[in-house]
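> Chains as they are written, first to last, in my numbering: chain A, 26 to 451; chain B, 26 to 451.
Simulated from the structure, these hints should not be mistaken for laboratory data. Note that CB positions come from ideal geometry on N, CA and C, so glycine has one too. Any given hint could turn out to be false.
To be verified - Among chain A residues calculated to face chain B with C-beta under 10 angstroms, some are:
hint, residue
1, ILE45
2, MET194
3, PRO323
4, ARG328
5, ASN329
6, PHE333
7, THR337
8, ILE423
There are 2 protein chains.
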Amino acid sequence: MTSVEGGLVVAQSGGPTTVINSSLCGVVQEAMRQDCFTQILAANNGILGVLNEELFDIRKEKRETIESLRRTPSAMAGSCRYKLKGMDASREDYERILEVFRCHDVHYFVYIGGNDSMDTADKLGKLAEEEGYDLRVMGVPKTIDNDLAYTDHCPGFGSVAKYLCASVMEAGRDTEALYTSDTATVFETMGRNAGWIAASAGMASRSKEDAPHLVYVPEVPFSAEAFAKDVKRTLKDIGRAFIVASEGLVDEEGNYVAEQKGEFATDAFGHKQLGGVSETLKTIVEQKVGVKCRYCKPGTAQRNAMHFGSLTDSEEAYMAGKVATRTAAEGESGFMVTLVREKGDDYRCTTGLAKLSDVANAEKKLPREYMNEAANHITDEMRKYAGPLIRGEVTIEIGKDGMPVYGRFEKHFVEKKCPAWAGAKK
Amino acid sequence: MTSVEGGLVVAQSGGPTTVINSSLCGVVQEAMRQDCFTQILAANNGILGVLNEELFDIRKEKRETIESLRRTPSAMAGSCRYKLKGMDASREDYERILEVFRCHDVHYFVYIGGNDSMDTADKLGKLAEEEGYDLRVMGVPKTIDNDLAYTDHCPGFGSVAKYLCASVMEAGRDTEALYTSDTATVFETMGRNAGWIAASAGMASRSKEDAPHLVYVPEVPFSAEAFAKDVKRTLKDIGRAFIVASEGLVDEEGNYVAEQKGEFATDAFGHKQLGGVSETLKTIVEQKVGVKCRYCKPGTAQRNAMHFGSLTDSEEAYMAGKVATRTAAEGESGFMVTLVREKGDDYRCTTGLAKLSDVANAEKKLPREYMNEAANHITDEMRKYAGPLIRGEVTIEIGKDGMPVYGRFEKHFVEKKCPAWAGAKK
Numbered sequence: 026m027t028s029v030e031g032g033l034v035v036a037q038s039g040g041p042t043t044v045i046n047s048s049l050c051g052v053v054q055e056a057m058r059q060d061c062f063t064q065i066l067a068a069n070n071g072i073l074g075v076l077n078e079e080l081f082d083i084r085k086e087k088r089e090t091i092e093s094l095r096r097t098p099s100a101m102a103g104s105c106r107y108k109l110k111g112m113d114a115s116r117e118d119y120e121r122i123l124e125v126f127r128c129h130d131v132h133y134f135v136y137i138g139g140n141d142s143m144d145t146a147d148k149l150g151k152l153a154e155e156e157g158y159d160l161r162v163m164g165v166p167k168t169i170d171n172d173l174a175y176t177d178h179c180p181g182f183g184s185v186a187k188y189l190c191a192s193v194m195e196a197g198r199d200t201e202a203l204y205t206s207d208t209a210t211v212f213e214t215m216g217r218n219a220g221w222i223a224a225s226a227g228m229a230s231r232s233k234e235d236a237p238h239l240v241y242v243p244e245v246p247f248s249a250e251a252f253a254k255d256v257k258r259t260l261k262d263i264g265r266a267f268i269v270a271s272e273g274l275v276d277e278e279g280n281y282v283a284e285q286k287g288e289f290a291t292d293a294f295g296h297k298q299l300g301g302v303s304e305t306l307k308t309i310v311e312q313k314v315g316v317k318c319r320y321c322k323p324g325t326a327q328r329n330a331m332h333f334g335s336l337t338d339s340e341e342a343y344m345a346g347k348v349a350t351r352t353a354a355e356g357e358s359g360f361m362v363t364l365v366r367e368k369g370d371d372y373r374c375t376t377g378l379a380k381l382s383d384v385a386n387a388e389k390k391l392p393r394e395y396m397n398e399a400a401n402h403i404t405d406e407m408r409k410y411a412g413p414l415i416r417g418e419v420t421i422e423i424g425k426d427g428m429p430v431y432g433r434f435e436k437h438f439v440e441k442k443c444p445a446w447a448g449a450k451k
Numbered sequence: 026m027t028s029v030e031g032g033l034v035v036a037q038s039g040g041p042t043t044v045i046n047s048s049l050c051g052v053v054q055e056a057m058r059q060d061c062f063t064q065i066l067a068a069n070n071g072i073l074g075v076l077n078e079e080l081f082d083i084r085k086e087k088r089e090t091i092e093s094l095r096r097t098p099s100a101m102a103g104s105c106r107y108k109l110k111g112m113d114a115s116r117e118d119y120e121r122i123l124e125v126f127r128c129h130d131v132h133y134f135v136y137i138g139g140n141d142s143m144d145t146a147d148k149l150g151k152l153a154e155e156e157g158y159d160l161r162v163m164g165v166p167k168t169i170d171n172d173l174a175y176t177d178h179c180p181g182f183g184s185v186a187k188y189l190c191a192s193v194m195e196a197g198r199d200t201e202a203l204y205t206s207d208t209a210t211v212f213e214t215m216g217r218n219a220g221w222i223a224a225s226a227g228m229a230s231r232s233k234e235d236a237p238h239l240v241y242v243p244e245v246p247f248s249a250e251a252f253a254k255d256v257k258r259t260l261k262d263i264g265r266a267f268i269v270a271s272e273g274l275v276d277e278e279g280n281y282v283a284e285q286k287g288e289f290a291t292d293a294f295g296h297k298q299l300g301g302v303s304e305t306l307k308t309i310v311e312q313k314v315g316v317k318c319r320y321c322k323p324g325t326a327q328r329n330a331m332h333f334g335s336l337t338d339s340e341e342a343y344m345a346g347k348v349a350t351r352t353a354a355e356g357e358s359g360f361m362v363t364l365v366r367e368k369g370d371d372y373r374c375t376t377g378l379a380k381l382s383d384v385a386n387a388e389k390k391l392p393r394e395y396m397n398e399a400a401n402h403i404t405d406e407m408r409k410y411a412g413p414l415i416r417g418e419v420t421i422e423i424g425k426d427g428m429p430v431y432g433r434f435e436k437h438f439v440e441k442k443c444p445a446w447a448g449a450k451k
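The task is simple: from the sequences and hints, build the whole structure.
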């Protein structure tokens with residue numbers, strides 16, 4: 026394909042990460058270098074911004090704001106969890122998006138997100154083709170969960186891993202110092218149905234002494250009995266137990282160990298909301314093992330911890346964004362940029378392309394061999410895989426007041442040109 | 026008084042902090058400079074180490090381990106929650122401590138801890154005097170709760186404050202990006218009955234946009250109704266709500282908002298164990314306000330977060346330890362070193378001395394004027410007070426693997442010389 030002249034819309038989707046703004050920075054700075062983009066627009070709050078025709082002009086942002094993207098966590102353009110379903114169920118939404126693109130002469134769409142976003146981008150690209158509208162669609166991978174297929178790993182994962190390793194080391198020292206009274210600690214990580222994040226925190230144990238002593242992931246059914254046994258054995262061995270557990274642990278019947286009840290039990294995507302694995306495991310330790318147990322649940326702080334972000338992760342996120350835009354400018358469409366680990370002893374990462382439709386319909390769980398036989402700690406394979414992703418630290422700006430300085434867009438919205446629309450809003 | 030030749034025992038007590046090892050480093054490095062100390066011993070796990078005659082020789086530790094104390098969180102000599110009560114109830118324990126000191130020719134005791142430790146040190150000093158044993162007792166303040174009287178602030182507080190400010194800023198950006206679905210977040214801090222820590226996290230809001238939008242402390246009774254109103258108003262104003270709440274919130278009847286039940290409901294000190302303020306507030310938000318609410322509870326990670334520790338805090342902790350040892354070497358006894366804020370526009374901190382007995386029997390709550398009238402956010406007075414304490418960052422060592430490198434003692438225990446004892450152990 027050859028490129029066309031037209032506007033570019035970039036959007037950020039789903040749960041924020043420490044480095045999703047680095048990808049946005051890569052998209053924007055590369056777009057500024059290319060001639061084919063008549064406008065560089067960001068959608069306010071992900072796809073909602075397109076549906077609601079809330080687009081702001083990136084070129085009107087201060088240069089230092091654009092620069093600050095690489096050291097500012099979370100989604101600076103805003104994100105959302107608005108779910109586009111299949112073409113039949115959500116045709117109106119897809120048509121609306123194309124309408125907005127047409128009104129603003131947008132011919133490029135870069136979507137930074139996970140599976141669902143790649144699915145949306147894919148369907149949108151196909152609909153445009155069907156309707157004869159020239160739209161170049163590219164995806165940039167983003168998820169702390171690290172569960173996208175076709176890419177060696179996902180931007181966002183390395184930073185959450187690095188932060189969790191430091192936090193587990195630190196909270197682990199607390200349990201080490203106070204083991205005569207506060208004998209056990211459960212540390213709950215995100216990760217939903219994939220154990221990548223919990224497993225990554227396993228790297229904090231450089232020696233037997235170090236936390237964590239036990240690690241549990243959703244890929245292997247969780248048994249309270251086996252868990253209590255593991256804790257007892259650990260107490261016998263070293264007098265204390267520091268446990269990392271994924272929020273998404275499931276029992277042998279496939280039920281979440283800590284399923285939430287009530288009105289907010291599922292989100293807009295129908296995903297079950299999880300809460301309370303740490304409280305559940307704490308109760309098991311206190312009741313079945315008989316020692317006091319504390320718990321830590323850093324929650325959303327973990328996926329935005331730029332103050333100890335991974336430089337490797339940040340640079341790769343930037344690269345993925347940059348390559349997506351360059352590839353679109355070169356006339357390609359329908360791909361997500363992938364991260365490719367080059368062969369060899371030293372870690373080196375380049376990029377590739379995967380079809381959006383392929384990525385949309387696959388997910389990558391933690392391989393069983395990344396966990397030990399008892400499924401209660403990680404193996405060297407996991408360390409070899411995830412170790413390189415947490416190297417290097419992002420240098421953030423720190424104010425005179427001792428706190429980080431993060432950027433914020435001014436958001437100069439472009440004039441609305443489309444017919445009013447009854448859908449979306451939020 | 027004049028000084029005597031004799032051994033020094035140093036012990037760390039209670040909940041670890043990011044900088045309690047900096048105080049230990051100050052004690053040790055100053056002791057190495059003085060001639061009066063025939064031995065420099067550390068008690069293994071606080072006062073338990075003295076009772077159990079588990080003392081290790083600091084001079085046998087590697088020089089780099091001693092250096093690493095200033096950048097290693099938690100209590101490297103070990104800590105404990107073993108409670109010594111009044112002289113009548115715990116006389117055996119106090120006598121045992123003196124026996125151990127006599128056996129090892131120890132004439133100096135530096136205790137790094139909070140109220141309870143100052144009380145122990147005080148009683149011990151008085152008993153020694155009664156028995157005609159020359160013992161110089163000095164206290165070094167340590168508590169993240171910042172509730173010790175007679176000192177402007179407490180080592181440990183500045184670092185937890187700095188880390189929480191960064192974490193609240195970061196998790197706050199998550200809520201900001203995702204407000205259309207994940208509209209509210211509760212962030213639970215430590216601090217027990219004092220609101221210093223929760224209030225310190227209030228400093229993260231440099232502008233109305235910034236998290237936190239609401240801050241709640243234990244000094245003012247918590248009302249679910251008023252809270253729900255506050256959240257609703259905040260949602261109306263800026264479309265999202267980020268809430269900082271202390272673990273120790275109490276209702277109008279004086280009951281903990283989230284009191285824990287069961288076997289581990291109180292610790293050895295009779296302190297009620299708290300858990301679940303964040304879950305409780307999340308439920309209130311979802312039920313009474315009707316929006317989805319997430320929560321973060323960093324737990325013990327917050328008091329050991331050396332990867333973003335306050336340099337001011339670390340240096341003051343070192344200074345307090347150093348001055349305590351020097352003061353003891355000069356022949357004084359029965360004092361805790363205090364931190365004194367010098368008058369003037371620029372922050373400058375020196376040290377003073379307060380009687381152990383005075384410190385033991387007082388506690389310093391957050392002044393009402395550090396909170397606004399509605400008691401739902403901090404005032405400029407709080408910022409003026411706590412702002413200087415979070416300035417500067419500790420430089421930690423980071424390994425090639427991208428994770429912090431923290432030290433550990435080898436613990437060369439000195440030979441036991443005392444009669445066996447039936448008490449303590451743990």
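> Each hint needs a verdict: does it hold in this structure or not?
Status of each hint after checking the structure:
1. ILE45: Constraint on ILE45(A) satisfied, holds at 9 angstroms.
2. MET194: At about 6 angstroms, which falls below the 10 angstroms cut-off, the nearest Cβ of chain B leaves the hint on MET194(A) intact, so it holds.
3. PRO323: holds, 5 angstroms
4. ARG328: Since the shortest Cβ distance to chain B is 7 angstroms, the answer is holds.
5. ASN329: holds, 4 angstroms
6. PHE333: Holds - the Cβ of PHE333(A) comes within 10 angstroms of chain B, reaching about 5 angstroms at its closest.
7. THR337: Interface hint status for THR337(A): holds (8 angstroms vs cutoff 10 angstroms).
8. ILE423: holds, 7 angstroms
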